[in-house]
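In case you want the letters, here they are:
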Amino acid sequence: MTQPSPTDTQPTAVPQGDEHRRVARSDLEGGVGWMALGAAILIASVRMDRLEEQHINPYTIPGLLPGLLGIVMLMLGFLLFVRSWRRGGLHPGAGESMQERWVATKRILMVLALCGTFAVILVGHGLPFWVAGATFVTVAILTLQHAQRVAAGQKLTLRKVLTTALIGLGAGLMITLVFQEIFLVRLP
Amino acid sequence: MFEGLSHLGHAWLGFMNVTSIVFGLGGALTGIIVGCLPGLSATLCIALLTTMTIKLPTNDAILILICSYVGTLYGGSRTAILLNIPGTAANAASCADGHALALQGQAGRAIGIATSGAFTGTLFGVICLAAFTPVLAEVALSFGAYEFFWLALFGVAMSGTIVGDDPIKGWLMGALGLFVAQVGQEGLYAHDRFTFGWDQLSGGIALIPALVGSFGFAEVLTTLADPVERKLVELRDSVLPRFREVAQYWRTVFRSGVIGVLTGLMPGVGEDAGAWMSYAAAKATTKEKEKFGKGSIDGLMAAETGDMASIPGHIIPCLALGIPGSAPSAVLMAAMIIHGVQPGPMMMITHPQFIYDVVAMTSMATISILIFGLFLVKPLLLVLRIKRTVLMPIIFLLCTVGAFAGASRLFDIYSMLVIGTGAFFLRRRGYQMAPFVLGLVLGGLLDKSLRRGLVLSDGSIAPFFTRPICMGFATVTIFVILLYVPAFKALVQKVTGAIGAQFKALLPGKG
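Listed in order, the protein sequences are those of chains R and C. For the record, in the first sequence the residue sitting at position 73 is 73 according to this note's numbering, with numbers rising by one throughout. For the record, in the second sequence the residue sitting at position 180 is 180 according to this note's numbering, with numbers rising by one throughout.
Quick caveat, the hints were computed from the structure, so don't treat them as lab data. Each hint should be verified, as a subset may be incorrect.
Said to hold, decoys possible - The calculated lysine-lysine pairs, modelled on DSS-like cross-linking and capped at a C-alpha distance of 30 angstroms, are:
#1 C/K387 with R/K160
#2 C/K378 with C/K294
#3 C/K387 with R/K106
#4 C/K378 with R/K160
Said to hold, decoys possible - A few chain C residues facing chain R, derived, Cβ under 10 angstroms:
#5 T51
#6 K55
#7 W171
#8 L188
#9 F217
#10 V220
#11 L224
#12 D226
#13 P393
#14 C399
#15 S408
#16 G420
#17 L446
#18 L450
#19 G453
#20 L454
Using N, Cα and C, we set each Cβ at its ideal position, and we do this for glycine too.
Only chain R is shown next, with the shape it has when bound in the complex:
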């Protein structure tokens, strides 16, 4: 274990003004989104069945609270929009370069794709959970460590693949054993 250098604990220096503008820009977009959601909920609530044929008390119509929540979202979204507009949200902020943003986005998309593939395709369609789990963990570790290996100039060795597969198999079997066999929980 080694002592961290002072730079380890310090956030990346981003100009204060740019950061503010970026937050304002993001809030401006958020405000529009919330207003749209609020309006959609309000319209759907007003159009919701009032169950008049069941002769229910008119104060208990199902759309009452959702409609009120739609109004609240509309108002708060409007406040967020106005606030970020006053803070300069209309001007696009600088900050991360396009390349930095693309690297981060690519990584998130990769994680989403891995998790989505496992949860939607591998699980719940007849494949035993331990097999699906072992496959997912092995592939995910190898994929996620790929960038680190490239940066360190290392190559993917057979030993590395076997170790990762062992971790994947261990995780899949352990989770199946503990949940299904010991605690009698049904697995997908």
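Based on the hints, put chain C in the right spot on chain R.
What follows is chain C alone, placed relative to chain R:
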């Protein structure tokens, strides 16, 4: 009173067997390991353990969950001290002084202080839990639809205000949580709302998959989006708890315990509020202000005592009112409901023994963390060496199991994925998940209370504002929201400033 003591004695005796002790220690150990791992929260730990313990008897299952809850928050302090990353959000206040002590070569001492603060804080909270839960439950028996309406609204508003640094975003997340809770068949006429003809949505969005998504999958994405691995500070000195320092800083411990329990009573505020408020109070009253942020024992003790005391504090409204004090206690409440115990005012009538069982469970959790604090500090730190690229795929595997196991339907896995992805992007834009979770939990109660109240009053909204308890809740809720209006805030500051000046003038030597 004697009846209460008898119930408590029975509760303690009920847990004096090998199985319960093993479950308690196992739960605490799991919690400490999860807490040690940055990014994994108490909410996720309890949600996963809820599904794992679904087939166990009620008391054993809840014992494991409570021990893991206490263990997670305790475990999080180690990461704060050694890595300068809070293991859970509640340990953020421990980072500054804990890590500063570690950098001075006193990492073991800092962990020892965290252990003694955590033990004392939880113990203080347990005493409050035993003393106040039955009293609050008795008071809550007089609550009707109007009071519950305000209680739910008050919870979401307070959570939105205090959690995070932007109340507008907090309230928006609270409103979103309340809205998501409206999806599916509503409680009065079983009418489908916002299901778009999709049968799977008729059952609504289940709480556990939503929590696993927003606290588990979102965290997996957040952690993997930032691939930098942090370095550990070396642990050289003794990690034994320093109870001499508890005695030395007894004022801080007592003050932080009270603050922790009081913040715990506020719905949806979370353990981090207890830690930060205790830290701020210690900083305001200490004689060694200059040491704060640079390795102050007073500061570390305050933060650790405050967050741990808030755990029993959060359980009090959860049991007595059916209103969870934090996201982890919301899962705990859901677990109680799954096991057939309905928290709320009627609990003192339907399950009077259960409140005392929870007191006994929380005290067992306190003893468990002390045992692990004494004997298992260094081996447990090995988990901090696991690479996050190895750990996170395994955590996602557990998230899938956790989302599925409650109702055995694939739809819950898909809703976990969707909510988790949404939570990840919302968090990146500065939105907090705690108000969303509280809204999700309280949405059903708010809807039923509003409509029932309006039926009882024949459409008049007057009783919502004129009944004594409602007046109190309404005043505080509206006041908290209005504080965000600049003109109102300026007026309040002017009035409080003037009153403060009057008081200052009365103090000796200040006039």
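Outcome of the hint check:
For the hint linking C/K387 to R/K160, the alpha-carbon distance of about 14 angstroms falls within 30 angstroms, and the restraint holds. A distance of roughly 24 angstroms separates the Cα atoms of C/K378 and C/K294; the hinted pair therefore holds under the 30 angstroms criterion. Between C/K387 and R/K106 the alpha-carbon distance is near 21 angstroms, which keeps this suggested pair within the 30 angstroms criterion. Under the criterion of a C-alpha separation no larger than 30 angstroms, the hint pairing C/K378 with R/K160 is consistent with the structure, at around 28 angstroms.
Below 10 angstroms, beta-carbon pairs count as interface contacts, and C/T51 has one with chain R at about 6 angstroms; its hint therefore holds. The beta carbon of C/K55 is positioned within 10 angstroms of a beta carbon in chain R (closest approach about 5 angstroms), and the interface hint is therefore held. Proximity of C/W171 to chain R holds as hinted, the smallest CB-CB distance being about 6 angstroms (cut-off 10 angstroms). Annotation: C/L188 was flagged as interfacial toward chain R, and the flag holds, the nearest CB pair being 6 angstroms apart, inside 10 angstroms.
At its closest, the beta carbon of C/F217 sits 7 angstroms from a beta carbon of chain R; the interface hint therefore holds under the 10 angstroms criterion. Against a cut-off of 10 angstroms between C-beta atoms, the interface hint on C/V220 holds, since the closest Cβ of chain R lies about 7 angstroms away. Annotation: C/L224 was flagged as interfacial toward chain R, and the flag holds, the nearest CB pair being 5 angstroms apart, inside 10 angstroms. Evaluation of the C/D226 hint against chain R yields a held restraint, the C-beta minimum of about 9 angstroms falling below 10 angstroms.
For C/P393, the interface hint holds, since its Cβ comes within 10 angstroms of a Cβ in chain R; the closest pair sits about 4 angstroms apart. Because the beta carbon of C/C399 sits about 9 angstroms from the nearest beta carbon in chain R, less than 10 angstroms, this interface hint is met. Because the closest C-beta pair between C/S408 and chain R is about 5 angstroms apart, less than 10 angstroms, the hint holds. Because the closest C-beta pair between C/G420 and chain R is about 8 angstroms apart, less than 10 angstroms, the hint holds.
With a least beta-carbon distance of about 7 angstroms to chain R, the hint placing C/L446 at the interface is held under the 10 angstroms criterion. Contact between C/L450 and chain R, as hinted, is supported at the beta carbon level, the nearest pair being about 6 angstroms apart and thus within 10 angstroms. With its C-beta approaching chain R no nearer than about 9 angstroms, C/G453 sits inside the 10 angstroms limit, and its interface hint holds. Residue-level restraint check for C/L454 holds (minimum Cβ-Cβ distance to chain R is 4 angstroms; threshold 10 angstroms).
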